[in-house]
Amino acid sequence: MIRQGWSQPGEAAPAALTASERSDAHEYADPGTLVGLGFEWITLAVAALIVAAVAIDMLGLPLAMLSVVVAAVLALLPLVYLAARGARQPGAPLRRGDLWTEALLLGVIGVVGWHVLAPAWPSLLPIGNSPDAVHHTALANYVLEQRHLVRDPGPVRELLIEMADYPPGFAALTVVAAQALGLSPIRVIYPLAALAVIAAVLGCALLIVTSVPRQVRPAAGAAALAALLMPDYILGAVASQSYYPQMLAQWLLVAVGYVLARHRGARRLLPLALLLLALLLVYTTWLPVALLAVTLALLIQRIGWSRRLIEIGALVVPVALLALVYSWSRASTGSAVVLHEGETIRDPLAATGLALPALALLGLVRAWREPRRWAVLWLIAAAALQIVGLGLLWRSGRIAGYIYYKGYYLLALLLVVPLGWLLADALGYLLRRQRRRYRVWRAIQSTAVLAAMGGALFLPGLPVAAEPAEHPLSPSLVEAARWVREHGTPDDVRFALRKPGASAYWLHVGVLGQPRTAAAHRLLTDPPTTYLEWYFHPLTTRTLLLEQPTLPQPHDGLAVRFQNECCVVVEKTEAYPAALQALRPLQVSYSAAFVDGRQQIDVELFDALDQPDLRLRVVVQGADAQPLAAYTLDVPRRTGRVQYLGVAFNLQTLAATGYANDAPGVEWPATTAAAPAQYRVLLQLLKQEALVREQELGTCCVAPDVWVPTIIHRRGSWSYFQAPQPAAAATRDHTLGEAIGLIDAQIERESFRPGETLDVRLRWRARQTIAQPFTTFVQLIATDGGAAVSTEGTPNGGATPTWRWQAGDLIDDRWQLKLPADLRPGSYQVVVGMYDPTTGQRLEAWQRSPSVERFWTNALPLGVVEVRP
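The numbering used here puts the first residue of the sequence shown at 5, with every later residue one more than the last.
These are computed hints drawn from the structure, not numbers from a lab. Quantities reported herein were computed from a predicted structural model and do not represent experimental measurements. Be aware that one or more of the hints could be misleading.
As the list claims (entries may be wrong) - DMTMM-like mimics (lysine to aspartate or glutamate), calculated; alpha carbons at most 20 angstroms apart, straight line:
id	residue 1	residue 2
1	LYS822	GLU742
2	LYS691	ASP638
3	LYS822	ASP737
4	LYS576	ASP600
5	LYS576	ASP495
6	LYS576	ASP496
7	LYS576	GLU671
8	LYS691	ASP611
9	LYS691	GLU608
10	LYS691	ASP617
11	LYS822	GLU796
12	LYS576	ASP611
13	LYS691	ASP813
14	LYS576	GLU551
15	LYS822	ASP617
16	LYS822	GLU870
17	LYS822	GLU752
18	LYS691	ASP840
19	LYS822	GLU754
20	LYS691	ASP606
Turn these sequences into a full structure, and let the hints steer you where they fit.
Listed below in structure tokens is the structure:
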């Protein structure tokens, strides 16, 4: 065992050592690694950039890349001088046996980089639905536009909320990188956070390599890949929760431990000062961890008591002051602060069972007797002590739960270091007992390293490929949002996205830089209504950003302002009011809630004046789908454009009250039988007796004296409209049934290839008023009579259902058929028809000119197309 007074790495062992001790000293000889040298200087350069950016801002100068880089170089000059002076001193050269260590460290970079970057590749835009990434992007956008940090939080608090008081280090670094690369912060922020994760895990590997004998460094350093076994705490912190500054702070903290383990004297104090200052500017919460680790590391040095007390006091006093700041600043939150993060606090290694925590604990015990490992030991101890302290503050209500919770991310990362030490001890013991078989053990060690690297590459459950839901943003969506910001009115725009909620919040706050108002928060918590509501509601916002390449239903009141392969930006024009009158839209919005043991259902019908015979019905069904109660309200005719209706019923007796506008309420008495143990609640819209739309609102589970409601759809909307009726010459006279005529049909072209899309345009005429919904089908019929391609639905994607057709109406309809990639070449007949969705019966198909002919397949032929190879 090495004695406590043994010299630090790179220094010669004292002559008084015994032969055994000289052998151990040779095994521990640490000339450093090229990767370690790069890690140290890159970390110091990042810290210098952060400190330089803040210093330039404090001087009142604008943040420009060139000035920040020059200031950072000046800050690094003393460190470069000390390093050059140390390099002139004689030391051990890099040995051939350390090449395996270099390869291992490069492998750690590649493996961790793969797991962190693969989910966002190739765009490298932020992934995950956490609002934290939005907030940090908003802060970086603000700094880049203003060319200075937040100097007065008051005026920008509406825009940035708590980010106005956030430590500026990560935002400043993001802005410098964005200026250097010529990109927006949204393109830089995730790669920068991913780099911090890679560097933090690499730093753990270096801490292991620095503190173990040379012979076992590769296998021991591979233990750093154990961090990948904790994806929730390591990868999830950046890929899901988007704790970007926290990951940068972890990098700086690990670098503090590395400097403590590698250097002595002035060569250690200046780098530590720079790292601690950068940590203060990035994530102040973890500064006590670094200060406490440095203080404890100084305790084991053989220096005079007076100097020791001065240094300890200089570090302990800031820790005490920070503790007071925590207590004073968080005292107002009180014990009522309950955040969801507090409920998820758990053992940081719980996902791997008890094996890894037990091994880490055993490694810590073994490390206690190795002086060269003490610096890292104190870093781990400091992280654990801060978690304990924050836990006590959280339990007393002085801080929010998420501050306590985030400490586990740091501890989980650092606990992989004692695992490497434990592995090194085991391998070292075997090598000492089998010195004659050194080459055999070297081969076994190399194989273990390769196995660890290969296993980590394809570790199950890690995000090696991202699902579409993990990408709230796409490059095309960002391009469209940027156009809105530059040319449109970002505060008067509606987002209709593939995945409502988080994506809209990203655009509103993160990309467009809008204030985080209550409206922005609703975009995150409540999915926005469909684009059809925007189309036909004159009171909604003027601009629509729609995540699809074309308009689903254009009309005269709309104009396309921007379009790419992903998105289209639409704006309402001056012709919109007149177009709205011709479209005769109907919009239904509903909301459901449980209030005082009653279910309350409120419905708003906009522009129902020209829609006669509308009825609203709430149906309560038992488990066998039999109706237990039905409450029907007729939509009255009135002068106002908006109709307000609602029903509230008792969950147990089903007694109900209904209202329509300002008219006296309608009372429905209780049912004769008690409500069953479980029933469903449906909302229906009817035209006369025909069902237009139905929505299940929720279920009720009833037990003695207990009612447990479960809301399925709290709110939503439906929209319908009548297509424009331009005059057109009838080119054919086909009929479906007695009421529907097909007067025109156009096929985009006559020749197609497999995989292309066939575009069909139809024009219908309502010969009679239609009160029943029919389903339309368009098919491609092969020569053998079988349907090769088929699609069906409601005309215009549900916007013009047949039940709304009035006698004499002309309806333009458009359909698209995607041809399968394996469709056989040949000639195909295109046909169209309709059927009753309740019975499946097709309407009879006739041709009435020049002579009457019935099509026995009950489908109207539109033309023949050729599919070419």
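- Message: LYS576 and ASP496 were given as a pair; does the straight-line alpha-carbon distance stay at or below 20 angstroms?
- Response: 12 angstroms, holds
- LYS691 paired with ASP611 [C-alpha distance capped at 20 angstroms]: Between LYS691 and ASP611 the Cα gap is close to 15 angstroms, so the pair holds against 20 angstroms.
- Assess, step by step, whether the Cα of LYS822 is no farther than 20 angstroms from the Cα of GLU870, and give holds or violated. 14 angstroms, holds
- Message: For LYS576 and GLU671, compute the direct alpha-carbon distance and say whether it is at most 20 angstroms.
- Response: 43 angstroms, violated
- Query: Is it true that the CA of LYS822 sits at most 20 angstroms from the CA of GLU742?
  - Reply: 31 angstroms, violated
- Compare the distance between the alpha carbons of LYS691 and ASP813 with 20 angstroms, and conclude whether the hinted pair is satisfied. 18 angstroms, holds
- Assess, step by step, whether the Cα of LYS822 is no farther than 20 angstroms from the Cα of ASP617, and give holds or violated. 38 angstroms, violated
- Message: LYS822 and GLU754 were given as a pair; does the straight-line alpha-carbon distance stay at or below 20 angstroms?
- Response: 15 angstroms, holds
- Query: Do the alpha carbons of LYS822 and ASP737 lie within 20 angstroms of each other, as the hint requires?
  - Reply: Given pair LYS822, ASP737 is violated - Cα atoms ~27 angstroms apart, limit 20 angstroms.
- Task: Quickly compare the C-alpha distance for LYS822 and GLU752 to 20 angstroms and report which way the hint goes.
- Result: Since the Cα atoms of LYS822 and GLU752 sit roughly 13 angstroms apart, the hinted pair holds (cutoff 20 angstroms).
- Do the alpha carbons of LYS576 and ASP600 lie within 20 angstroms of each other, as the hint requires? Cα-Cα ~42 angstroms, so violated.
- Item | Agreement of LYS691 and ASP617 with the hint, judged by alpha carbon distance not exceeding 20 angstroms | 5 angstroms, holds
Against the hints set out earlier in the document, violations occur for numbers 1, 3, 4, 7, 15.
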